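K.L.:
Given chain P's structure and the hints, the job is docking chain V onto it.
Same order as they appear, the protein sequences are chains P and V.
Numbering-wise (our numbering), the first sequence opens with residue 1 and increments by one.
Numbering-wise (our numbering), the second sequence opens with residue 1 and increments by one.
No wet-lab data here; the hints were simulated from the structure.
Since the structure is predicted, the reported quantities are computational estimates derived from the model, not experimental observations.
A short list of chain P residues far from chain V (calculated; beta carbon distances all over 10 Å):
hint, residue
1, Gly72
2, Phe111
3, Ala225
Some, not all, of what chain V presents toward chain P, calculated at C-beta under 7 Å:
hint, residue
4, Ser38
5, Pro218
6, Gln220
7, Ala250
8, Leu256
9, Asn434
10, Thr438
A virtual CB, placed ideally from N, CA and C, is assigned to each residue, including glycine.
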Amino acid sequence: VSGWVLRRALQAVVTFLVALAILFVLMRAAPGDPLLRLGGDRPISPREIAVLRARYGLDQPVGTQLRSFVGGLIHGDLGVSIEYGRPVTALLAERLPATLLLGGSVLLLNFTVGLWLGVRQAVRRGRREDRWLTTLSLAGYAMPSFWLGLVLAWLVGIHWRLLPAAGMQDPLLSSDAGWATRAADVLGHLVLPVLTLSVVSIAATMRHQRSAMLEVLRLPYILTARAKGLPERAVTWRHAWRNALFPVITLFGLWLPILVSGSVFVEAVFAWPGLGSLAAGAVGSRDYPLLMGTSLLVAALVVASGFATDVAYGLLDPRVRLA
Amino acid sequence: VDLDEVSMTARTAVIAALTGLVTWQPAEGQSPGDARNSIVIVTGAQATLPIPTLMEGAAANLANMEIADQLFLRLAGLGPTLLTAGDRNFVPLLASSWTRRDSVTLVFDLNPRARWHDGVPVTARDVVFTMERARNRSITPRLADLLKHITGVTAEGERRVVFHFSHPYAEQLYDATFHVAPIPAHLLDTIPPEVLSRSAFAAQPVGNGPYRWVRAVPGQFIELRRNDDFFLGKPKIERVIVRAAADPDARMNLMLSGEADAMDNIPPPRDNIRRIAAEPSLRTIPVPSPTIGYLLFNQRDRRDRERPHPILSDVRVRRAIGLALDRRLLVRVIFGSYGEVPYGPASPILWIRHGAPVPARQNLPEARRLLAAAGWRDTDGDGTLDREGHPLALTMSLPNTSAIRKQMSVLIQEQLRGIGVRVDLQQYEFPVWNERRTAGDFDLDFVSLSQDPSPTGLTQSWTCNGGNNVARYCDPRVDSLIDQAMLSQGDPAQHWHTVLRQIEADAPAVFLYAPTYVYAVNRRFRNVSLNPVSSWLQLREWSVAPASSTPSR
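Same shape as in the complex, but just chain P:
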């Protein structure tokens, strides 16, 4: 097993390095000079631009820049953001917790509620509850999250004033407030963005889990289990569900990076201070170091989640390791 995991890990590292090189070159090839906007309405002179270009190493050939970047990366240095004038690693560290909290909450909700509802639908196939949940999940899947976010913010935040419409914490909360008060405050702010992102992802998980369960429930070994007189819950959860998890594991691997990078709009609508909004700002200003930092983080997550999915497959199904 260890040899197989090692091979997969090596493949993951190579994939990451290839992604790094492609991202680096593509970013420099894209039009839009990050330094031209620095002067704002009072343009900076070509001499000043030359000084800044040298400061950020942008006057070097792309190959030299890439070598220098990789050298820094090995030492945990992703450079200094052009826009913020601060180390990229510090900026990422500031924003990562908010992203992990949001993405983690969505994943948690997705793979508890989504799986449970999917299984429930499968075991009640064709009944009214299944039909209702199918309709709801299709509606949820078809609902654009940017629209849903705006509607929820208006309805719950403005019209009913039940929950905060934006932000991650109440700025008027005293700095000496207790942790429970702070946690409750963050939780209140978390509800709407999580709900917005969860509706689509739960709907997708439900659909996948339902069809996977239906496939498994048709197999002869399930009939055998029932014939042996096992209780239905044991048949469902112990025998059928475990084998119906494979497609959902794949889905988990796909959702993880999407929730980190793909929540840009939801972060914007709810003024959530995560990596998505940081990355979007970096794209707009062509802040190469920051853009590279956020992109690499997402690339690392994609590679890591792919690796984790492979390992999970391997652990659940030994045949995969032989493939």
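P.N.:
Just chain V, lined up with the frame of chain P:
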């Protein structure tokens, strides 16, 4: 696991969650008095380095400048007329008075009660130290350029500072006071300038203004607390929270949900102003903006910058395009009553616009006559004018981030089609648009510019060697007139009006709109005044109405 049991548990959880939702209140931990005496301002960007002399490059933005204005006091402030010329229309701040020794020497006497937030008196040494850094081109290139006419700053004792200028001109006091506020020499003289932005001081700045720094929560907000010992009077609002939300919808939601008390420049569409005005706890306040929007004509061939533009180098064509546009209609459609057509490149905050001529109205017959005189006729009857086999077709470049420009460009395209000018719209991502315009790769460039309160900023775009003159417009008469206006003593308004008239005659651009910003402020605040140059500058004078002082949420 029994599915029914799970189902029951889930139902209970959902009911509990819903109960939690409907009973949600702002978190405890904020005393009612504290919240009552606080203001939450929502803006589009968070300040990252609000320290004078450090606001260079990407840090030279409005977010930093507005926070810096609460922390650091200038020697003097612009008066209500925003007149930047002469010595009379300024209000004393750090300096209690100023006198003129001669036409090139200004003397400031500092207020002896002025203190830094750590209690140390503000002295002439602080001013000299600040100006030395600000005038050092290797440290602060932007500031050094703005202060290039100041030849020296010296201290005479603890409280007197003397500014020396290279030559007599109208905006000496403005240059000495507006561009940079003093920073504390006793805290900074041991920190090398190149590491100052990463120092403890940058993380926790010590100023001398009405509010002192408390904390910054990255990506969320900055908290300031009033300076109880402020020598010009203790501010009435105790706590200021400046909350960042880049998305306009998020800013609107924060205002409408009562989670913010004030917002600068209600974002488009215009319906947002109506939504704010319809909220009983909020009021809208129009404020003159520093913004001007115009359609810039490229004077040079976009493919060969050494050659004149094949169509737009002809002033008759440029004037015809200007006369073909119903600018008043364009402004009314986009801005409603919150905008006007400017005369020349003068935004609403520029004092030179007062008394300037009225902008020309749409005149289609004259536009057609000018085009015909330039040889443009519709010989093939396709609706587009042509000359020597070439159609009168132009491209208009604009950034896709500007909702106003995107909307207006379509209307312009339609209006110009009416006189036989074909315009192809090219929307670009902002950095790409910026790169193309800087390289002169455009025919018509749809620009929106933010101006300083001083008209000297016009040199950037409208003089032959202006740094922002990407269209290569060059009229030596305009250069000469601008020089005269800048050097004139007394009231130079007439000189500046002559400049504007000459620019209008040359038609290097069609000046389309000068918007009025509309701010939103909670009605519980009294004595509200907003500054067009730095929105919240007068915040220290605001107060909270006792009767309706509870926060709206």
